[in-house]
Amino acid sequence: DGGITQSPKYLFRKEGQNVTLSCEQNLNHDAMYWYRQDPGQGLRLIYYSQIVNDFQKGDIAEGYSVSREKKESFPLTVTSAQKNPTAFYLCASSSQQTDRSGSPLHFGNGTRLTVT
Amino acid sequence: EDQVTQSPEALRLQEGESSSLNCSYTVSGLRGLFWYRQDPGKGPEFLFTLYSAGEEKEKERLKATLTKKESFLHITAPKPEDSATYLCAVQSLTTDSWGKLQFGAGTQVVVTP
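Chains as they are written, first to last, in our numbering: chain H, 1 to 116; chain Z, 1001 to 1113.
Don't read these hints as lab results, they were simulated from the structure.
Be a bit skeptical, because a hint or two may be false.
[Unchecked claim] Here are the simulated DSS-like cross-link-like pairs (lysine-lysine), alpha carbons at most 30 Å apart as the crow flies:
1. H:K57 to Z:K1069
2. Z:K1042 to H:K9
3. Z:K1042 to H:K70
4. Z:K1042 to H:K57
5. H:K57 to H:K14
6. H:K14 to Z:K1042
7. Z:K1079 to H:K9
8. H:K83 to Z:K1042
9. H:K71 to Z:K1079
In isolation and in its complexed conformation, chain Z is listed as follows (with noise of 0.2 Å):
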């Protein structure tokens, strides 16, 4: 069975303070590992795409990175607009249907100035 782990649950940092989330999964064969961004209230949104061990991808002050077994989303220089709920999803070799993916929990982040 798919399974995807995300830590720490919550992160508060400083503005500036710059940090990691992590991400393990253990997937059927890794398709894609995909990272998106939840506001309070809304529908998740888009960040990365990556599929391969030591792919890196970034945009702005974000940046993931994947391995064998995990993946990190690492945030440099925060500022309190990155404050959100971020999520892991992997889409397996075997899956059936291209929108069926195993997520985490997240991480709650809170940026503070």
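Next up, chain H with everything else stripped away, as it sits in the complex (with noise of 0.2 Å):
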């Protein structure tokens, strides 16, 4: 089946460090997306990723960095620059396709992401 996976599904690290997030996509999309959710707020843009080779800042990208290598995959850096790294980062990606029938987004499942 197509689909998202991220992983691992929880990861904790002290401050101070740097923590690699992997996403990997099998629904032959070109575009590739990080958004952060945190308890009360809306999910927020990272990173999005048009094609391979480039990317560009959503809205809270300070502190966050990422590399399109591959069509398949859109890993995302917690650089220990980012305040409150602590939150549940969900990656998604999109065909870019005009379908008035589905979702833009195609979500994995998620990684918890705990510093203390």
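From the two separate chains plus the hints, produce the assembled complex.
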């Protein structure tokens, strides 16, 4: 079955350490996204990539970095510069096609990062 | 700036007790409004897409409606398995990427037997 795989499901890190969250998709989608979810807030866009080797900052990119070396993969690095990294991170992909019956985004099941 | 506000924040229902969730939005030209269901520790699961005022979509006990300023998600005779957080999101006509959505904070629904 096609889908998005995020790993690990839970991640624990000490403050000051960088950490990389994995996201892989086999939907053959061109675009991929990273959203952050905090209690009481809507999902917020961190970074997105519409083609390989290209990506753009979203609304809250500070303290994060990404790469897009392969169409299937879009890893997110949470750096020590991110002031409040503890959150639920969701990776998503999109076909960028007009599909009036469906969702513009397909989500993975998230990685919960806890930094102490 | 696009904004989405969902109310109430939380809703506790008895099984069979119908209710509605509200999603108010401001957007620079609406391309689409989307409803998702999210279970704890999981990614959002797509429910509905609405494109124009007056449009309605139904799926089992759920019905979504759209006006020019808000959308409602009606839950008719809910069952405990309808317990989840329901998310609303909008897509702007001026977006440069299909998957760039503005999300509301969600309504957490608990249905008790």
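Here's how the hints hold up against the structure:
1. H:K57 to Z:K1069: holds (29 Å)
2. Z:K1042 to H:K9: holds (10 Å)
3. Z:K1042 to H:K70: The given pair, whose Cα atoms are some 25 Å apart, holds under the 30 Å limit.
4. Z:K1042 to H:K57: holds (25 Å)
5. H:K57 to H:K14: holds (25 Å)
6. H:K14 to Z:K1042: holds (24 Å)
7. Z:K1079 to H:K9: holds (29 Å)
8. H:K83 to Z:K1042: Roughly 25 Å separates the two Cα atoms, so the pair holds.
9. H:K71 to Z:K1079: violated (41 Å)
When each numbered hint is compared with the structure, a violation occurs for hint 9 only.
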